[in-house]
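Starting from the two chains in their separate frames, assemble the complex, guided by the hints.
If you want the building blocks of each chain, they are given just below.
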Amino acid sequence: MKTMFQKIWEQHEVVRESADTPAVLYIDRHLIHEVTSPQAFTVLQQRGLKVRRPDRTLATIDHSSPTRTDQIFGGVPISIKSAASQIAQLQENCAKFGVELFDLKSDQRGIVHVIGPEFGFTQPGQTIVCGDSHTSTHGAFGALAFGIGTTEVGHVLATQCLLQRRPRTFAIKVDGALSPGVTAKDLILSIIGEIGIGGGTGHVLEYRGALIRSLGMEERMTVCNMSIEAGARAGMIAPDEITYSYLKSRPRAPHGTDWERALAHWRTLPSDDGAVFDRELTLDGNKLEPMITYGTNPGMVVAVSGSIPDRHDDAVFDKALAYMGLQAGAPIGGQPVNVVFIGSCTNGRLSDLRSAAQLLRGHRIARGVRALVVPGSQQVKKAAEAEGLDRIFMDAGAEWRESGCSMCIGMNGDTVGSGDYSISTSNRNFEGRQGPGARTLLASPLTAAASAVRGRVTDPREFLNA
Amino acid sequence: MEPIRQIRSRTAVLPFTNIDTDQIIPARFLRTTTRDGLGQRLFADWRYGADGSPKPEFVLNRPEAAGCTVLVAGRNFGCGSSREHAPWALLDYGFRAVISTEIADIFRSNSLKNGLLPIEVDDATGQWLLEHPGAEVSIDLASATLRLPNGSAIEFTIEGFARYCLLNGVDELGFLIAKQDEILAYEKRVQP
Chain W
1 MKTMFQKIWE QHEVVRESAD TPAVLYIDRH LIHEVTSPQA FTVLQQRGLK
51 VRRPDRTLAT IDHSSPTRTD QIFGGVPISI KSAASQIAQL QENCAKFGVE
101 LFDLKSDQRG IVHVIGPEFG FTQPGQTIVC GDSHTSTHGA FGALAFGIGT
151 TEVGHVLATQ CLLQRRPRTF AIKVDGALSP GVTAKDLILS IIGEIGIGGG
201 TGHVLEYRGA LIRSLGMEER MTVCNMSIEA GARAGMIAPD EITYSYLKSR
251 PRAPHGTDWE RALAHWRTLP SDDGAVFDRE LTLDGNKLEP MITYGTNPGM
301 VVAVSGSIPD RHDDAVFDKA LAYMGLQAGA PIGGQPVNVV FIGSCTNGRL
351 SDLRSAAQLL RGHRIARGVR ALVVPGSQQV KKAAEAEGLD RIFMDAGAEW
401 RESGCSMCIG MNGDTVGSGD YSISTSNRNF EGRQGPGART LLASPLTAAA
451 SAVRGRVTDP REFLNA
Chain V
1 MEPIRQIRSR TAVLPFTNID TDQIIPARFL RTTTRDGLGQ RLFADWRYGA
51 DGSPKPEFVL NRPEAAGCTV LVAGRNFGCG SSREHAPWAL LDYGFRAVIS
101 TEIADIFRSN SLKNGLLPIE VDDATGQWLL EHPGAEVSID LASATLRLPN
151 GSAIEFTIEG FARYCLLNGV DELGFLIAKQ DEILAYEKRV QP
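First to last, the protein sequences are chains W and V.
The first sequence begins at 1 in my numbering and counts up one residue at a time.
The second sequence begins at 1 in my numbering and counts up one residue at a time.
Don't read these hints as lab results, they were simulated from the structure.
Hints should not be assumed to be uniformly reliable.
Stated by the list, open to error - Some, not all, of what chain W presents toward chain V, calculated at C-beta under 7 Å: (1) Thr21; (2) Tyr26; (3) Gln39; (4) Gly147; (5) Thr151; (6) Val316; (7) Ile409; (8) Gly413; (9) Phe430.
Said to hold, decoys possible - Here are the simulated DSSO-like pairs of lysine-lysine, each with C-alpha atoms no more than 27 Å apart in a straight line: (10) W:Lys105 / W:Lys287; (11) W:Lys287 / W:Lys173; (12) W:Lys248 / W:Lys382; (13) W:Lys50 / V:Lys188; (14) V:Lys188 / W:Lys2; (15) W:Lys7 / W:Lys248; (16) W:Lys7 / V:Lys179; (17) W:Lys7 / W:Lys173; (18) W:Lys7 / V:Lys188; (19) W:Lys2 / W:Lys173; (20) W:Lys96 / W:Lys81; (21) W:Lys319 / V:Lys55; (22) W:Lys2 / W:Lys50; (23) W:Lys105 / W:Lys81; (24) W:Lys96 / V:Lys179; (25) W:Lys50 / V:Lys179.
Quick reminder that beta carbons are idealized off the backbone N, C-alpha and C, glycines included.
Next up, chain V with everything else stripped away, as it sits in the complex (with noise of 0.2 Å):
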């Protein structure tokens, strides 16, 4: 994976609470069994009519979010299904980063392992980011960092060891697959 360090961009704001990731990617483009092409489905029921225009008044239709990277949307973001399509087709899509004042567990963890970042922020930079969509921010991940067109700094929490490896590009498989003595020791130990 490549690192990330820095992203700018323009938001594309979805203002709605508790998008769950059958809007993100609908079951029905489950079906593969690649991850390629995942970006033409991404919010396929709200993007596009049931003949398969383009639904011009949706967010993402309209020129301004023309690439925009960083989408913000309201609280518990990507909840329900597991699937990883979620964050496959987000990303395939071109966001790299998503913000929003929660977001769920699976879809979290799902984004981190991708280089999609998962970023929550406090009520009040929340509300600011959904009233002004298309504002121009600036994530630091090092510094853990997201800056406003304001100027205003906010500090938000990603865990510690998803951050190293996606300022590295570290990759949590090798890091696991370095742990080989440890999980035979484990093996030998309880299930002898």
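Only chain W is shown next, with the shape it has when bound in the complex (with noise of 0.2 Å):
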């Protein structure tokens, strides 16, 4: 009896773990973008290696690119200099090494972790990594994804494989059903805030149990993605008729005969009955809320109609809450909020567009809040174009945006001003992620939509019930 990881894993190996050393463990798909590639090309061109599988790799652009219409698709210039030359160097490794590049003006660019799954790319069974931790989302398809550093990176690119040590395994099982207003995220928000930011390491995490059998595939990905907050390098959950049917026809699924080879493969994935995980955690989803953070780390979490916790002679704790400016004991529904930032790898889908803009119908956002959408990839923005999304969120005041990775991380100056407060639909709310001195509070698409028209921290089932 095996847990889904042990087989992924044993099917990878081209050379088993030993006492002296680790597993040489193959890699199905690599995916690289402009930040943490550059460096590992350097190291190829130094030894005079070749990528050794460009038909396993992938690169896009998303971290430090515009979200501007005009620098991306206008001839204008990319305003921060070395975010262009960032990208220009991509550009000339993907050309020298035969990468297939996803390219600034294609339509087929967008986030990392947006792209791997909407082309078909990223598959059940198979071992996916990339140059960033949040890689984990791909484990939404019964994968083991996993974020990597650039040595690393490198040596994917010249070898196909990397050196691991068997992570152990955890099963999050979750039962009941989420109930209205309450979202994926806000399952994940409260999962981290359960085990702890470090609560995971060391472990691969599988999400099991009636309540994420029901989620679809986003948002299966929304929780895989945020894995890696509660410290564990990888999430997983098993595939299904819900997974097949997302990639069905995709254009890099499978397709014919080789389409029912895969899917007999795959049904062989999930873990078996019985079989052992080294942890074992059980939530009741039903009685889970909207939930947001109010500290310095994703683990820093309440419910959106709770209050901030108090606690006693902890430094840390103080300190965090002197960086947020909020006070311990104090509701955190209410808080003022400057800007609301709907987008990235966590919250940047179709699904998640929709929910957002299913609450902003007919509202307008608060004076002097500054709100901006940014679909998570050139996709997702031409279908949420075609479904009207976009004129909602305009009409409502927000801006709307070209994909990438935007706010979430601010390296394209998408930023928020310091001592600002965001509600954002990302991952970190780490000190100065959104911007030096920037204060930001994750939560759901719903929670920030009905913050954005309230101009305040808002439970959105006060819209729902209205």
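As structure tokens, then:
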């Protein structure tokens, strides 16, 4: 009896691990982007090495790319020079090493963890890596997907393999169902709050149970995406009919008899009944509520309807609240906000934009609040525009941009001002994450949209009941 | 990479838990295509004010931190982003080892590949180190031992292959390239 992780791991062992050496693990899919790849290509260049399997490698531009249409399509120079030269470096490296690039003007471009699934490049049973910690997203398909550093990007480019010690397994079972107004984002924030931001260190998480099975693929991606915020490099969900119907007829998914063969393999992947995990946790999904962070890491989280906890004699906690300018014991609801960001690899997919738009329809964003909506990919942008979501956002007073990581990480100049409060659908509320001095409150697209309308932290259920 | 055997230094102490890699080096400094000069950006938002002047109260700006090559921090050091710029910045600044009761997975892996020793210690040792900034410690990699000035010797765990590579200056890419035949055989077997 084996866990899904164990099956996929064993199927990718080129050389098994021993007491002396880690396993040589084969990598099926390697995604690269402009920020964590240049120094890896330099190593290949210095050593006269080639990219071993360009056919298993896909590049895109997301972290430092502008979201302003004129800078991508209008011939206006990219305003940040270092971003422009980093993008140019990736273009040059991809051309030189024969790696396929979804380039700046391509309608295939987008955040690396949005495009992989979108094109069916991401598939069940695969090992998938990228020089980005949110690679855990792809685990939603029943893949073993994890973030790596730049040295390892070089290892995979040159050999298609990594040296890895086998992590432990951690089953997180969620039963019940999500109540109205409660989303996959609230679920994963609750899990991180429960196990803590180091709670998954050394483990691969497998999310299981009736509630997980009921989630659509985009919701599953939101959950797996933030596995790293609990310290786990990877999070996985067993593939099922929902997975297969999402993948069927995607451009890079198998077709015809290859599809049938792949499907037969994928059906063997889920953890066997009775498979043993190193750790297990069960949560009652019926009790979940809309959640929001109040501190400087994603584990510092409360219900939107709740209050900031009070911890005595905890200097680190006090430091976090001082940075955030918030009071222990105070309700988080009603806290004024300056900026609302809807997007990122966590919540920048079509269903996320639909959920925010549904709440915003017929409303105006509060005076003085800046709202930025950034689709996760150009395909998401196109699909959203086809159903008029862009009009809903712009009519409400939000900015509608080209795709990219944008204000989640602020590398492209989309930043939050010092001291300003941002409700963000992204994944990290670390000090300065959205810009020096920025104060980030992580929440779902629904909570972000509700808060945008009121100009303060608002429980989205107030709108659902209206 | 140069072999590493022993490190002796006073410690610089950052008494905070969950120090993430966005603090170690903020994202706006990742718009680079080399790994040079990142030490200047280490802990940039804790080290410098908005006008770029050093904050005198920050640990690394204090005279006693000068020349320290061992950094001590609270639990779960290096969590968050996978940016290898974090160990690059620590190394470029002059650090050779980081000690904490828990070190995040990706940061640990990145550190080992660059010759920055990630050392995990028990709670009591971690607490002692946090309470004694400037303590003269020595680290012996071959025996995986940390010696404190009070004479106690604490063994730490470090993955055996990584230790072998660090002690002997062996490069992991070279090791993987030498597995060429096995990799080819795997590809033929699994994806004919």
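For each hint, the structure was consulted:
no., hint, result
1, Thr21, "holds, 5 Å"
2, Tyr26, "holds, 6 Å"
3, Gln39, "holds, 5 Å"
4, Gly147, "holds, 4 Å"
5, Thr151, "holds, 4 Å"
6, Val316, "holds, 5 Å"
7, Ile409, "holds, 5 Å"
8, Gly413, "violated, 9 Å"
9, Phe430, "holds, 4 Å"
10, W:Lys105 / W:Lys287, "violated, 45 Å"
11, W:Lys287 / W:Lys173, "holds, 14 Å"
12, W:Lys248 / W:Lys382, "holds, 20 Å"
13, W:Lys50 / V:Lys188, "holds, 20 Å"
14, V:Lys188 / W:Lys2, "holds, 25 Å"
15, W:Lys7 / W:Lys248, "holds, 23 Å"
16, W:Lys7 / V:Lys179, "holds, 23 Å"
17, W:Lys7 / W:Lys173, "holds, 20 Å"
18, W:Lys7 / V:Lys188, "holds, 20 Å"
19, W:Lys2 / W:Lys173, "holds, 17 Å"
20, W:Lys96 / W:Lys81, "holds, 22 Å"
21, W:Lys319 / V:Lys55, "holds, 16 Å"
22, W:Lys2 / W:Lys50, "violated, 37 Å"
23, W:Lys105 / W:Lys81, "holds, 18 Å"
24, W:Lys96 / V:Lys179, "holds, 25 Å"
25, W:Lys50 / V:Lys179, "holds, 16 Å"
Hint check: violations occur at hints 8, 10, 22; the rest are consistent with the structure.
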